[in-house]
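> Spelled out from the first residue to the last, the chains are:
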Amino acid sequence: MKNADLEKHVKGESLFVDDIPEPAGTLYAYVLDSPIAHGIIKSIDFGDIKSAEGFIDVLTWHDIEGENQVGGIIHDEVLLAEKEVHFIGEPIAVIVADSARNAKLIAKRISIEFEKLPVVLDPREAFSKKLLIKPPVIFQNGNVENAWKECSFIAEGTVESGGQEHLYLETQCALAVPKESDSIKIYSSTQGPTVVQRTAAKVLNLPMNKIEVDVLRLGGGFGGKEDQATHWAVLAALAAKKTKRPVKLVLSRLQDLRVTGKRHPYSSDYKIGLTDDGKILAFQVTYFQDAGACADLSPAILERTLFHVANSYHIPNILATGISCKTNIPPNTAFRGFGGPQAMFVMESAIYNASVISGIPVKLIQKNNLLDEGDEFHYGQIAENVNARKCWNYADEIYSFEKMESEVHKFNEDNKITKRGIAYMPVCFGISFTSTFLNQASALIHVYSDGSVGVSTAAIEMGQGVNAKIISIVSQTFSINSDKIRIESTNTTRIANTSATAASSGADLNGNAALIACKNILERLKKSAAEELSLNDYSSISIKEDWIYNKDIKTDLSWELLVNKSYMKRINLSSHAFYATPQIYFDRTINKGRPFAYHVYGTAATVVELDCILGRYQVESVSIVHDYGKSLHHNVDVGQVEGGLLQGIGWMTLEEIKYSDSGDLLSNSLSTYKIPDIYSAPREINIHFLKNSENPFGPLKSKAIGEPPLMYGIGTYFALLNAMRAFNPNVHYQISAPLTPEKVLLALYKK
Amino acid sequence: MKEQINFILNDKPVSTTAFKGLVLLDFLRKEKRLTGTKEVCKEGDCGACAIVLGELINGEILYKTVNSCLYPLGNVEGKHVVTIEGLNQNGFTPIQKYIIDESASQCGFCTPGFIISLTTYFLSNKEYDIDTAIDAIGGNICRCTGYLSIKRSVAKMLDYIAANRSVGDPDIDSLIRLKIIPEYFKNIHRALSLIDNPNPIREKTNYEKIIGGGTDLYVQQADSLLDKNILFVGKKNRSEITLSKNEVKISGSITFEEFNQSSLIKTYLPQINDYMKLIASLPIRNTATLAGNIINASPIGDMSIILLALDSRVVLTKGKSRRKVFLKDLYKGYKSLDRSIDELVSEIRFKIPGENNKFNFEKVSKRTHLDIATVNSAINLVYKNKKIFSASLSFGGVAPVPLYLKKTSEYLVDKEIDTSLVIEIISIAQSEISPITDIRGSVQYKRLLVSQIIKKHFITLFPELISHEVLK
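The listed protein sequences derive, respectively, from chains L and H. Quick note, the first sequence lines up with residues 5 to 755 if you use our numbering. Quick note, the second sequence lines up with residues 6 to 477 if you use our numbering.
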């Protein structure tokens, strides 16, 4: 199955926002942002900027005609600072000039006087000062207090996991073009066109029907453009409205890194209790989420953390508390996994330490506690079509865990200064937006009179291959060649009220809507064919490979001919269809319900090699069994697993976000923030698809793929820990990700 | 300085009076609207802006990959610049085809850069294998794929080329026949030789900056360099590495990659290839000069560290006057040198290492490849009759300058090598360094690394003399 986007990518012909030919008279905006992490704006001195070369205009919050507000879940974030700034990078003014360079030079002439206020950077400190985004949230089942008494082993500890920069290669950008009667068209690199539309309408004081948002594709998103593409698009629109000229706003890499939010760092306390045969009876955990200065998506992310407390395990007694803490860094935001990885890392850390205390191997604890059919999740959902144990057992069968372990053992016997370590990582990830209302999508399909097909949905293509999957669905449903099908840009005038392409749900929701639209048109075409063939009934009509069959006998009607004849007969060849995920609900008064349509499962075994002199390491192999359902596109799905895995490995090892004591980002460029390069990739990745896993909720029985594989990367952390312990069994370690070469070496040689 | 700059862009001659200090990327995207070349990091760390650069040298065009985000227009004069648009033909090139077949592209933003790097690889090498091919794309970052599909597509390309390229084909012709490059490449040789340089290199005066490769200056100062009066010394004179009496003599403008590929250097530093892979990505090695690395005076300059251990001297030239300075005496303080602003590094010299020389280089960074060192170090020993005859040890990242460890080096002379010697010199070395905590690591870590790297040097060079107890 072809992926049409790639044919443009390899020729450099794919258009991204900054590649779109600019309309005549386009102006360029530069955002002047706060250089301090917390303070009061005393005064702004614009100096002589009006006489500066290329100056056109400057905008502050005073220029906002509507509401100065971009907060989605909680209305706590202004678009342009008014009196107070809360993080370095908070937008204060927008300079519009005849070139991007001039706009930036002009911004340097503006001076702002601040009165500094105390800066809080540690989420626990924020908690103690009652600086919270919202009150703590508790998920629980059973009774942990009673359960501790039954436990033979209890382990307690603290786990830190760091932030992660999305590093989508295309920075945040937008181009806003004024249209007639005050309307504005915005080309945005966003995962959420409707969020941009709604926010722009609110800020510009226009009805939503006067804002058109168009998205062709993104140069990577990973969650970083779910909520945080909005600011730049709305600022461009604001400037376009005021200057009545097209305005382009492209963040430089350095500015993008400095001003946008990242994956949330978490600091967590846990307590885990086991029986003497390694059954986990109780788990208590408190997550301190570093939300940054405003809510952004933090409450939803924290909630997903609470859903994924127990990863792939069934634990009868759970008490989990999530606390979203307000600090003076840019608001942290969605990132592939959306709070799930942070929860699973704590769970695996707890198991690791429980193993150290009890002497029961980690692998045994993991295996003994895997979910089974009919188990109840702590949020009340009954586990159905559970593949946790199937994935684990199939992985053991094809890769032989015992053989892998004995190879590692032998390597370590033979080598004194390099050591290997192995770890296993089962994953269970819930599919659906946990805000139930977002689980809706629509599709608009046109069959043109020449037989070609145009498809519009709410799905945003950002490299994850959703377009290829939707083409696959349309092509299979009509049974026509995929060359006839074109996926249009995502546009709010064609598809209204879109949900962001996020939560791994893009192909599920939009694919299901496209499927319904195809079926609507297909039925009309079949009826039309029956008429052409003078049949009373269309039930014997089918289409196979661009040709019409009656009772499996090829007719004279080709797809093109049938379409054209139907057009002449004034048959509707378009369909707008709507899909809403059935059966899901969640009651937030008790935090129970059925939030997920289904779960995705998998198991990974990771082997790493550690240079014990210098603390450098290499992932030797990751061997995975993943539950794909019935895959819509083999290469796309494999690519999502490999790419997600390496992002997860990056989060666990190299990728380290650092702020100074005054809240300034220190890892502020690609030379100081390292994402995996080709040499950091595992030497070997083996992937097997779980067999016979058909998913009733996915289009054509497929399963969502985007986020779950990231969490296989967690295995790398524990494989490294095992390699360290092979060198020095008494190694003093504290569980804190990322496990950089610095942390490894300092731990290995700690006296 | 607005002067005319002439070069060939894809299949057409270009003449422009844009600022010489403008980076090629901005010229391509903004002036020429060639948007297949992408801007991602603008500091040479990702390869999304890679272009193919061809240069007529001794009657032959040599092609290499450079990062256009750090490449000043002033250095493009008389060269062939090829962007992704200049590689496109009807259908797909085999490189494009295998990227598609293996789905080795997801969001597509990095893809043109990978295709450029791979095309240059086939253009600039006669023999191909997976390791050198991976090195050619080592400077290309992809955030989506996890690289596995890219590796698979490269393996398929190599198989395809191996099966279809007959031995003895003239390079350009066979690559055209294989559709790796378009037909017009045949005409480039003539087109380049026809470029009439309207600005013969004259001894410029009043220049505000001297630029060799510019790979570090453009990271730091791109905005301010734009309209400066710059002297581009990148490739005005033929650069070479030669032997003179008992010394290896290297032109200052030699690039990292020319140093890497030199057969003379390989004779004396057989592991140079491995070091270079840690030091920089190929597009940076193709641009960065040794002189630039020395004068830039970064405390973690990798080449400076190697040259320090070789006890190099630099020849500083100003008009007709020349003076030689030992590299270890050149550095006075953080970014402060015993050099006046108008002195150029015309040569670098070091004694020809003999057969008793033992050399090792180590670099530790957060990411093993394509990263700036946390701590780097080189050691050069002359080991005769079971004794150290002479020793030079250098460390980067542990002082305000690339550091020559004088006391430690002197202590090693006349010593026999064993585990206890290693322990002794570690404590001397610790007294000579003054690391600080920064984004690349804490003081504690850097001090530990110095000890560990010294152990690593000796375990690597004298495995039979050093017990693993040294690690305890």
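Since the hints were made in silico from the structure, they are not lab data. Just so it is clear, the structure is predicted and the values come from calculations on it, not from any experiment. Positions of the beta carbon are idealized from the N, C-alpha and C atoms, including for glycine. It is possible that part of the hints are untrue.
DSSO-like, lysine-lysine: derived pairs with alpha carbons at most 27 Å apart [said to hold, decoys possible]:
(1) H:K35 - L:K108
(2) H:K477 - L:K12
(3) L:K420 - H:K363
(4) H:K477 - L:K755
Reference listing, derived: stretches of chain H covered by chain L, where coverage requires no fewer than 3 residues with Cβ under 8 Å from a Cβ of chain L [unchecked claim]:
(5) 41 to 48
(6) 110 to 124
(7) 413 to 421
> Please go over all the hints and tell whether each is borne out by the structure.
Verification of the supplied hints:
no.: 1; hint: H:K35 - L:K108; result: holds, 17 Å
no.: 2; hint: H:K477 - L:K12; result: violated, 56 Å
no.: 3; hint: L:K420 - H:K363; result: holds, 24 Å
no.: 4; hint: H:K477 - L:K755; result: holds, 10 Å
no.: 5; hint: 41 to 48; result: holds (count 8)
no.: 6; hint: 110 to 124; result: holds (count 9)
no.: 7; hint: 413 to 421; result: violated (count 0)
In summary, the numbered hints that this structure violates are 2 and 7.
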